[in-house]
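A.B. asks: Starting from the two chains in their separate frames, assemble the complex, guided by the hints.
Top to bottom, those sequences are chains L and X.
Throughout, this note's numbering is defined as the position within the first sequence, counted from one, plus 41.
Throughout, this note's numbering is defined as the position within the second sequence, counted from one, plus 420.
Because the hints were derived from the structure by calculation, they are not lab data.
Don't take each hint at face value.
Stated by the list, open to error - Computed list of lysine to any residue pairs in SDA-like fashion (alpha-carbon distance at most 20 Å, straight line):
(1) L/Lys-250 <-> L/Leu-122
(2) X/Lys-868 <-> X/Ser-628
(3) X/Lys-519 <-> L/Arg-191
(4) L/Lys-250 <-> L/Trp-238
(5) X/Lys-868 <-> L/Pro-247
(6) X/Lys-519 <-> L/Asp-81
(7) X/Lys-869 <-> L/Asn-84
(8) X/Lys-869 <-> L/Gly-89
(9) X/Lys-844 <-> L/Tyr-101
(10) X/Lys-844 <-> L/Arg-104
(11) X/Lys-844 <-> L/Val-186
(12) X/Lys-486 <-> X/Lys-844
(13) X/Lys-844 <-> L/Arg-191
(14) X/Lys-848 <-> L/Leu-122
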Amino acid sequence: MKKADPYLLLAPAYLLIAGFLFYPMATVFLLSLREYQLMDPLNTPFVGLDQYAIMLGDEYFWRSLWNSVVWVVVSLCFQFLLGFCLALLLNSARFRGRGIFQAIVFAPWAVSGFLIAIIWAWLLNGEFGLVNDLLIRAGLLEQKVGFLSREETALLSCVLANIWFGVTFFAVMLYAALQAIPPSLYEAADMDGATAWQSFWRVTAPMVKPAIVITILLRAIWIFNWADLIWVMTGGGPAGASRTLALYVFQKAFLGLDFGYSAALGVALTVVSLAFTAVFLRVTRFYGDEAAI
Amino acid sequence: MTASAKPRKLTRREALKIGGGALLGGSALLGAAVTGCGGGGDDGAGQTGQADRTTVRFMTAQTLEKHRSLEPLIAEFMEIHPGIRIEHIKVPWDQAHSKYLTAILGGAPPDVMTIPSWWVTEFRAMGALEDLGPWVRDWPHLQGYSEQVKRLTRATMAFDGDQVFGLPTEVAVRSMFYRTEWLDEHGLAPAETREEWRALLERITDPSRQRYGYALRGARGGFWSWWAIAQEFAGSNAWFDEDHRCIINSPDHVAGLSYWNDLYQDGLAPPDSLNWGFNELVQGFWSGLCGTMEQDPEVVRTCLEHGLDEDRLAITVMPAGPRARVALSDGGYTSMSSASPNKDEAWTFLGWLMAPEQRLRYCRDVNMIPPFASAMEDPAFGQGLYRSFVEMVTDPAILQNWYPNYLPEMGEFLEVRVTEEQQKMLLKRQSPRETLDRLADFMTRAQKKYVDRYGPDTPRPPA
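With the rest of the complex left out, here is chain X (with noise of 0.2 Å):
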């Protein structure tokens, strides 16, 4: 090593020179990054690229096989429409409802936007949905939606009254899966009743040979499948009485809950199941461990490319309990901002897109169910795998199920609090009985909180 390889000392010059360097090339990546956030708001303000065009915002905040079916269908408007462009903003959906928030707190609402319905009450409370009304009048397509889908809508206050906040976008809704195999051997058919439905699974489950017959949902989500049969048993989706206090842990209800803790304790379903979520489930019925499952339509596709088709799967509407038949369903919405400066052609493009013919073919695309009466006489729907789906949807007996959304625990309790209280009953260590006590006793105190804020004018569930 030479003396000359030594490090000199800097000047305080260079020093200065270093420092400044840096705290510019910071100050020019902030500014990079602070422009990148707000950049792409110009655009929104309206007229761009061509003058004579007017452009209209889309948001979305879908899966991405979702995203892609849109995109068609965008371009067939735009060719049909060519005063109008749509600029397609794709929002993953882990981020979507900050990036919403974001952009209607910060005055960039986009015109168009696709929203669960759980967000309609929440994004309505803020005003940043517009009216729909004065333009539904004219569309011709409002009636035609099925009874199921008229009285979701005016759970979730997408509808109410002459007001219109949102078009439905499309709807999701369980059936009852069957391994038809499985019921050949013993002769049987699917169940009509939540009765009959346990009597199948006693006689298709033998553990010695890995067979059980209900894919049962322990973890996240199970709530959902007792739930339902909770609400079959009271015959009821009420989830308060006048007073605001939660009834769900009445003895009706507990009977329900104690119909799916049985099939459990008794071996109708695989012992692990108790940890299972939305994967472990669907795999537990592809792999041919387990009989019986309910779930969505996007699920047969994942059956089929797993080696079940038409002759080795049944698909039917669910088992109806003691008092009635519960489908659970939901769907999203697409709504109009009402920050929105270009309402009219919003609304066009709105109006086309969520009218029967663009619904079927979206639907038809993404496995989901079209909110219309209209789509039983469609071959893709109305028969096959996907009849029951869409009887869930239009049989207007069917008692719909509802959850109060409005409340902000509702995350808390679905995701964290239900799981822990399901999985103490499945493990023995509570019975059904305490688990609906601890429930109810949560959501007393949430809803309490929400009408001594808001009033008690709360959503109420469909009739």
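Same shape as in the complex, but just chain L (with noise of 0.2 Å):
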């Protein structure tokens, strides 16, 4: 019987997550499976893998997917470069104050997405925008643009924003990372005459190697599910140009109240986020690299 004991521990554990976890995911999945809008309940008709079959002739579908590709893809590289820096920055200088400056540089990660939204909206407007006077007087620009309403520049608009936002929720984890590296393996790899690049690269990147690849995968996780900041700054638009997967399930669920169809496109947008972290976690031999550490 004290086979059974573990299992008694955790099994509140496990009930706790089939209930608020599998059982809404389960709900969900059937919920695409049925025609269901909001505005017609009564009338909810089981329709097999039609919702899905819609969804692969859908352009919108297909342009949100790519945009989320792009908003994903561009915001993770600078995030992650620019991030590494700060937290090396933080990580070599020694100067006085260091801690209330690094409690500076991580501010934004404090404020609420609909205020960083609601801030660049302003700073990138077309016709008061901070940024388009700043570049007309420093005659980069001739006229005015209207950053957030045209295609070309939109969704990069949000990119830019989510950018300046989360770099230092990188610094954050990697400066982490970067404190917990022992410094008797530097001392040791300059006895053996390593210079400061080869040390970077033999030494801290191997180190820290492990909390990049986390922070990668859940900031990429995250920031496709994230909706907010492209819906107060743009509304996904012009004409779709800015929509990603994510805004498209919100907007399909709660403007369209097409239940139904998104969840079908919810069913696809976790799908996507499992497919690239199996993909992502292979590349980067995560398990292997613990397994020989």
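C.D. replies: Structure (structure tokens):
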């Protein structure tokens, strides 16, 4: 009977997870097999995989998916590079008031997404925006540009706001990882005559790699699912130019009131996230490395 | 660290205790949640509190401001009618539809409820609304509604022959707002027709001074602006022909949409307005970037709060197009639930609350237009900034806007499709003709689906 003990101990946690995670997920999947318009709630026929078939032929879906890829990849690259640089700077610099400086650097992370969106929407405003004014004064622009109302710039404007916001998250996570590297490793590298570049590649990089992989993975899924910044800044416009898949799910569910189809989109969103996670962990050999350590 | 601090292995008995405790706690929480959801259901059964008082449950789904404005009216009613207690259930607007449905389908509907016009057909089809006909026959105010409101009530199927499924709560309608200083500079007066209005916009637009004629709404909700113009050009508010084919892509409608599109392409609206929604539009007007906008009476207060006053703000009826002047109006209804156990008491409250005197007080408070023709005689509405709104709902010559809100696809159409298509047009990726073709195609499919399911007798636009 002793064998049952661990299961009994785990049971409450599993029950909670099942009740609050798997049950809703299963419900969403079942919902995606039905035609369910909230304005016609008494008429929800079972349609099997029809909604998925519609999805594959839906140009809005493919465009949103592509926008999501751009939104995630570009945001993530810059967030990571800038965040890592910031973490290295904070880790290496020794000066008075470093603690205060760190707190200031990390401040954007504490600002709500809606507020960030409003701030950036104003900065990039086509008539009164600060960015336009600065660029014109600097002679880089001849006339004002409506960053949020042009197809070429709308999504990138949101990406810019996202980068500003997310850099600090990478900085916090990677700074913590850098702090955890024992100084003795650097001392040993020094004794062996390693250059700064070599000690970065041979000591720093491998030691923070697990943190980098996990942080990138978390952020990627997070950004992929994050819609409020874009919703407030551009509403997904103009003409869908900045609509991501997560935003499309929101629009379909809460504006179009088509819960069946938006559930199908939600399932697609989950599948893409899971596929990305599997590929990413394999490519970065995350588990292999951990085993080696 | 001492040896005694080392964690001790749990015995099976202890493990069971903990696990069982967690389960018990969990089920207690669940139980509380379930009873919490059902809580108040007992209240609705009728007699509560003092035995001689009947409770009428009144559910409203409105803005905070409107909820607040109802409180003194409810208190006054209970003073006049000590035998009736009103239980006011306030539902946040964004959850309203599902809350109402849950209450109705769950068998515990409120006795009286406020509903927006586009739910009337749906709730009627579910059999959730009581026919107020027997009570309304002796109610002296039914003929007092303005002509436009009467048409609206028929179009939304709230009034259907002798049957009445809801009394109008308020009317929202659009008028044209002008910055009078800009007009005075050029010696202009508010426009009577779309032609004059376009000429006026050309005169007051001056991008070098950051001045544009029109606060255009290119994003969400922009549909209403160009849809009104399309109807003005077509002289009709119909969406479908006899074969249930959508006709909003007729050459006249295309001409109307082209007129609106040209305002943007010719630079009479700010370039950024392509992505403007409600907030940006209103801001664009009061901030002094745009000289005109079309809006609801609720926005008057916003303008006054931001430094405009009666001398610097003019509001007139909407300019007329080649074939018609169109009122973009809509409103809410107050209905009785067919499952109410206290229908007479519910009517006593409903009839009192919907009477002209109460409507005037309420509408004055929340900046909406009362549904009664007598509103014109009230100084708050018959003169000053609100006058044109009342004219828009009382003038029988004005064509009443209508849209097929009985179609479940309407949400998708208004909130996703239209914005996408109109923005493609503003970005010059497609012509107004192509835009309307695509939208008409979507609506034809929606209508066909509806007809297949419910038969060809669909709601029709007001004549």
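A.B. asks: Hey, X/Lys-844 versus L/Arg-104, does the alpha-carbon distance stay inside 20 Å?
C.D. replies: holds (14 Å)
A.B. asks: Is it true that the CA of X/Lys-519 sits at most 20 Å from the CA of L/Asp-81?
C.D. replies: holds (15 Å)
A.B. asks: Mind checking the alpha carbons of X/Lys-844 and L/Arg-191 for me, to see if they're no more than 20 Å apart?
C.D. replies: With a Cα-Cα distance of about 11 Å, the restraint between X/Lys-844 and L/Arg-191 holds, given a limit of 20 Å.
A.B. asks: Hint check: X/Lys-844 vs L/Val-186, CA-CA at most 20 Å. Holds or violated?
C.D. replies: holds (18 Å)
A.B. asks: Between X/Lys-486 and X/Lys-844, does the CA-CA distance stay at or below 20 Å?
C.D. replies: violated (37 Å)
A.B. asks: Would the hint linking L/Lys-250 and L/Leu-122 be met if the CA-CA limit is 20 Å?
C.D. replies: holds (14 Å)
A.B. asks: Compare the distance between the alpha carbons of X/Lys-844 and L/Tyr-101 with 20 Å, and conclude whether the hinted pair is satisfied.
C.D. replies: Holds, because 13 Å separates the two Cα atoms, which is no more than 20 Å.
A.B. asks: Assess, step by step, whether the Cα of X/Lys-868 is no farther than 20 Å from the Cα of L/Pro-247, and give holds or violated.
C.D. replies: Cα-Cα ~63 Å, so violated.
A.B. asks: Has the given pair, L/Lys-250 with L/Trp-238, been kept, meaning a C-alpha gap of at most 20 Å?
C.D. replies: Answer holds: L/Lys-250 to L/Trp-238 is near 16 Å, not above 20 Å.
A.B. asks: Against the 20 Å threshold, does the CA-CA distance of X/Lys-869 and L/Gly-89 hold or violate the hint?
C.D. replies: Roughly 19 Å separates the two Cα atoms, so the pair holds.
A.B. asks: Quick one, are X/Lys-848 and L/Leu-122 close enough, alpha carbons at most 20 Å?
C.D. replies: With Cα atoms ~38 Å apart, X/Lys-848 and L/Leu-122 exceed 20 Å; violated.
A.B. asks: X/Lys-869 and L/Asn-84: Cα distance at most 20 Å?
C.D. replies: holds (13 Å)
In the structure shown, a violation is registered for the earlier hints numbered 2, 3, 5, 12, 14, in ascending order.
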